[in-house]
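Can you make the complete structure from the sequences, with help from the hints?
Heads up: the protein sequence lines correspond to chains A and B, in order. Position 50 of the first sequence, counting from 1, maps to 50 under this note's numbering, and the rest follow consecutively. Position 90 of the second sequence, counting from 1, maps to 90 under this note's numbering, and the rest follow consecutively.
Treat the hints with care, as some may be off.
[What the hints assert, rightly or not] With beta-carbon atoms standing in for the labels, derived distance ranges:
1) S74(A) <-> T15(B): 38 to 48 angstroms
2) Q17(B) <-> D29(A): 39 to 49 angstroms
3) S74(A) <-> S67(B): 35 to 45 angstroms
4) S12(A) <-> G53(B): 44 to 54 angstroms
5) V84(A) <-> A2(B): 22 to 32 angstroms
6) N62(B) <-> A113(A): 39 to 49 angstroms
7) E59(A) <-> K9(B): 29 to 39 angstroms
8) E10(A) <-> T70(B): 39 to 49 angstroms
9) P61(B) <-> V84(A): 32 to 42 angstroms
10) E44(A) <-> F96(B): 34 to 44 angstroms
11) Q57(A) <-> T109(B): 38 to 48 angstroms
[To be verified] Restricting the straight-line Cα-Cα distance to at most 27 angstroms, the calculated cross-link-like pairs of lysine-lysine (DSS-like) are:
12) K100(A) <-> K38(A)
13) K9(B) <-> K100(A)
14) K16(A) <-> K38(A)
15) K70(A) <-> K38(A)
16) K70(A) <-> K3(A)
17) K9(B) <-> K38(A)
Just so you know, these hints were derived from the structure itself, not from any lab. It should be emphasised that the depicted structure is a prediction, and the values quoted were computed from it without experimental measurement. Cβ atoms here follow ideal geometry from the backbone N, Cα and C, with glycine treated the same way.
This is what each chain is made of:
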Amino acid sequence: AQKVTQAQTEISVVEKEDVTLDCVYETRDTTYYLFWYKQPPSGELVFLIRRNSFDEQNEISGRYSWNFQKSTSSFNFTITASQVVDSAVYFCALSENDYKLSFGAGTTVTVRA
Amino acid sequence: NAGVTQTPKFQVLKTGQSMTLQCAQDMNHEYMSWYRQDPGMGLRLIHYSVGAGITDQGEVPNGYNVSRSTTEDFPLRLLSAAPSQTSVYFCASSPFTGELFFGEGSRLTVL
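Structure follows, in structure tokens:
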């Protein structure tokens, strides 16, 4: 069975601080896919990134970066120089087939001005 | 461009009542799914479909039915609502690329 653990329930930071969200996953498959989604206070779910199990390169997109380490089964997400607009719930997700996703419980990030 | 449309956005039911949450997408996606979101539990998969005429159970299917007669529509039926089904429901579709396109959500309260 697949499982995604986001151990941090809530994180509160002051604007311009960096924040790292942890995601640990469990799967028996050798091929799998990892995702991050953002849910701002307005409630919609926004896709951020998809990574397959064969691509361990870290990725950077603006102030967002992702660190994928198969050795520790982790796919961590860092927001650099956080802004108030980054306040949201962030979900990590895992899929064995690239469409049926299992989500973690989510981490609520609050960025204070 | 509508994307994924869910109706209704809000609904209050009494225990034992039935209702249908509607979901329609205009992106010609074969894959559609229903999730429920509860505090501290993330999103849990209820049912999914990989194409018209094909449906399957997800992690928490009890108390819910689905059908997929067309590519566009994937309604979720609550047969006899229970307070445990109070939740926010999200419909999502995908072209099998992993990126899910979500509707805006439907908030259901069962009294």
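Verification of the supplied hints:
1. S74(A) <-> T15(B): 38 to 48 angstroms: Given a distance of about 43 angstroms, which is inside 38 to 48 angstroms, the answer is holds.
2. Q17(B) <-> D29(A): 39 to 49 angstroms: holds (41 angstroms)
3. S74(A) <-> S67(B): 35 to 45 angstroms: holds (39 angstroms)
4. S12(A) <-> G53(B): 44 to 54 angstroms: holds (48 angstroms)
5. V84(A) <-> A2(B): 22 to 32 angstroms: With Cβ atoms ~30 angstroms apart, the hint holds.
6. N62(B) <-> A113(A): 39 to 49 angstroms: Check passed, 44 angstroms falls within 39 to 49 angstroms.
7. E59(A) <-> K9(B): 29 to 39 angstroms: About 34 angstroms separates the Cβ atoms of E59(A) and K9(B), which means 29 to 39 angstroms holds.
8. E10(A) <-> T70(B): 39 to 49 angstroms: holds (41 angstroms)
9. P61(B) <-> V84(A): 32 to 42 angstroms: holds (39 angstroms)
10. E44(A) <-> F96(B): 34 to 44 angstroms: Distance hint for E44(A), F96(B) is violated at roughly 22 angstroms.
11. Q57(A) <-> T109(B): 38 to 48 angstroms: About 45 angstroms separates the Cβ atoms of Q57(A) and T109(B), which means 38 to 48 angstroms holds.
12. K100(A) <-> K38(A): Judged against 27 angstroms, a Cα distance of about 18 angstroms means the pair holds.
13. K9(B) <-> K100(A): holds (24 angstroms)
14. K16(A) <-> K38(A): holds (19 angstroms)
15. K70(A) <-> K38(A): Roughly 23 angstroms between the alpha carbons, so the hint for K70(A) and K38(A) holds.
16. K70(A) <-> K3(A): holds (15 angstroms)
17. K9(B) <-> K38(A): holds (20 angstroms)
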